[in-house]
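> So the sequence lines, in the order shown, correspond to chains P and B.
Here the first sequence is numbered in the working numbering, starting from 374 and rising by one per residue.
Here the second sequence is numbered in the working numbering, starting from -10 and rising by one per residue.
Rather than coming from a laboratory, the hints here were simulated on the basis of the structure.
A few of these clues could be false.
[To be verified] Just the calculated beta-carbon pair ranges, DEER-fashion: (1) B:12 - P:629: 33 to 39 angstroms; (2) P:410 - B:11: 47 to 53 angstroms; (3) B:76 - P:456: 50 to 56 angstroms; (4) B:270 - P:437: 53 to 59 angstroms; (5) B:135 - P:525: 22 to 28 angstroms; (6) P:456 - B:291: 46 to 52 angstroms.
All residues carry an ideal CB built from backbone N, CA and C; glycine is no exception.
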Amino acid sequence: MIASAKLDLVETMDVSVVIPVSRRYDDVRRIYAEYRDTISASGKNAEFIFVIDGQRDFPVAALEQLREEGEPIEIIRFSREFGESACLREGVRRSSGRHILFLPAYFQLGRGAIAQLLSHMNEADVVAARRDRQSDAMFNRMRGWGFQTMARFAGAKYDDPGCMVRSVHRSVFDEIPMQDEKQRFLPLLAEVHGFKVIQLTLPQAESDAGRPQHRLGVYFDVMMDLLAVGFLVRFMQRPFRFFGTVGAGSILCSLLLMGFLLFQRQVSNVPLGDRPLLVLVVLLLVLGIQIAAIGLIAEIVIFTRGDGKQHYRIEKIVEHVSGDA
Amino acid sequence: MVDVSIVVPLYNEEDNVQLLHEAISSALADFAPSYEVVLVDDGSRDRTFDRAAALVERDARLRIVKFRGNYGQTAAMAAGIQNARGDIIVTMDGDLQNDPRDIPRIVGLIDAGHDIVVGWRRKRQDGGLRVFVSKVANSIMARLMGVAVRDSGCSLKAFRSILIKRLPMYGEMHRFIPALSRLAGARLAQVEVRHHPRQFGVSKYGFSRIYKVMLDIVSIRILLSFARRPMAWPRHLIVGIMLLGLIAIAAAMLGKGLALPMLAIGVLWLSLALFLLGWAVIGQMLASLSSNVSGYATLGAQLSADFKKGD
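With the rest of the complex left out, here is chain P (with noise of 0.2 angstroms):
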């Protein structure tokens, strides 16, 4: 509350609008148009941010004619690639709107899709769409199903982190500071750090369904940092309790394998000292150790650091004011 008053000052636009270009792009001049015309039929005013991650051949040239002619456009040229995120960064620096809206540079969501989602703006400190994905090719469609069911395993109740188009208040990146790839996950951090955030189900652009979309290894990345946002979300309290379990389900195994060895031993007269599963055993033990060390060291680092402040936010002190206080 306090965080948006004083910001009052300073700001004059609702929204800001980064568009990261990166591989994919659409047509610029239609891309704008349809923007710019959704955005000022919600009435908002609007600047836009162009991000160019680098790309050689993108039509630089159709945006700065854009902005010669007098629309509100910023362009920022990376000279080379660095990135989505990196994009959205530069973008979210340069802005000054209340809200800054992402959009992707080609039609991800259909029409109408953007002024629903504008028409929630101040309901949240973020929202979020997901893509209704009823008319996506079949591989498109179990790849984000496959997506969501991994999503919901890490935690995350936000689950299209590959759709671009939110609309985040500025005050959220006050608090969560921009980093590799988190931003796929902004709405789930955002919401630990205790804003509100929502998400809207939006119908898909037509474009966008079936089309193959990243390459392989982008997807692997995705699933680190699922996971590494899942855990931070989860365990980042209490880290011994994820490598306790897991040191204890390895020297669990061990003992039950050292069970049956000596089992072995004494039923069938199997002698112990040389037998190669012993190594196993031992192996088993030692990983169980060193995995929970490792989970107290994470406990140790979160002890040292922990001034106690990190963990909870608050909004707002109510009291008494009186006249001699």
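Start from chain P and add chain B according to the hints.
Frame of chain P, contents of chain B only:
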């Protein structure tokens, strides 16, 4: 400046806020020391905050800390404690199961020279299974921590603020506060308190899983020994494992010929000891980068020194 701060975390307690305020006010009407009440709204989804804020208009002794989201009971307690101004801090539940009429008594015990006073709900008014789980957890805790606290789960506690503001409070640490304080050298008293069944709302506790408590105890014990001697926390483990390794290698050598599996085992154990030594060094590095590690180790001595000065 006030003498006593009463910290109450609230989560979805709209029906209880007013009753709680009345109960505290009437119980402490004849209470000589000055007091304040710090209510912490842990991101309630109902009207808890509005009702509490309305009370502030009428009672200047009330302060409300509102969280932006729901961060759990430990966080709420920690925030309340950090924002309390009293020399003595009393914590209690917001669901009226604790009785504010016990407050003068437990505060009296602090004045009598204890650093921490823990309530003991002898006649607990909860479901049978919940009481059972809690009893088992308490006895495990007593055994593993080496500190017998009858009822760690009782929220009605009083602390000297210099003690509680220095204890680590995150995760679900609030459960271990009595044991932690005791291990730090604080003087602990336990006193029987009244306990009422819930009037409004539903209980927000699931059955605390004993297994989680056990994992937490292991990590807290390690943290304690780390705080005392940052480098030395895995020392027993390292010595034991090195011995195991040496014995295994000796056994491999002593037989007729070299027993390869046994040798491999010996090397494995020795490598583990080396790794643990590495972790110990990492621990030392972390400790030297941070200023608040030694604070805990010296807490006990400081508590008793302060007490003599203040008295």
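> A separate judgement is required for each hint: does it hold in the structure or not?
To see whether the hints hold, each was checked on the structure:
Distance hint check: the CB atoms of residue 12 of chain B and residue 629 of chain P are about 54 angstroms apart, inconsistent with the given range 33 to 39 angstroms. Hint check: residue 410 of chain P to residue 11 of chain B, Cβ distance near 58 angstroms, so the stated range 47 to 53 angstroms is violated. The supplied range of 50 to 56 angstroms is met by residue 76 of chain B and residue 456 of chain P, whose beta-carbon atoms lie about 54 angstroms from each other. At about 57 angstroms, the CB distance of residue 270 of chain B to residue 437 of chain P agrees with the hint of 53 to 59 angstroms.
A beta carbon spacing of about 41 angstroms between residue 135 of chain B and residue 525 of chain P contradicts the range 22 to 28 angstroms that was offered as a hint. Between residue 456 of chain P and residue 291 of chain B the beta carbons are some 51 angstroms apart, a value that agrees with the proposed interval 46 to 52 angstroms.
Violated hints for the displayed structure, listed by number in ascending order: 1, 2 and 5.
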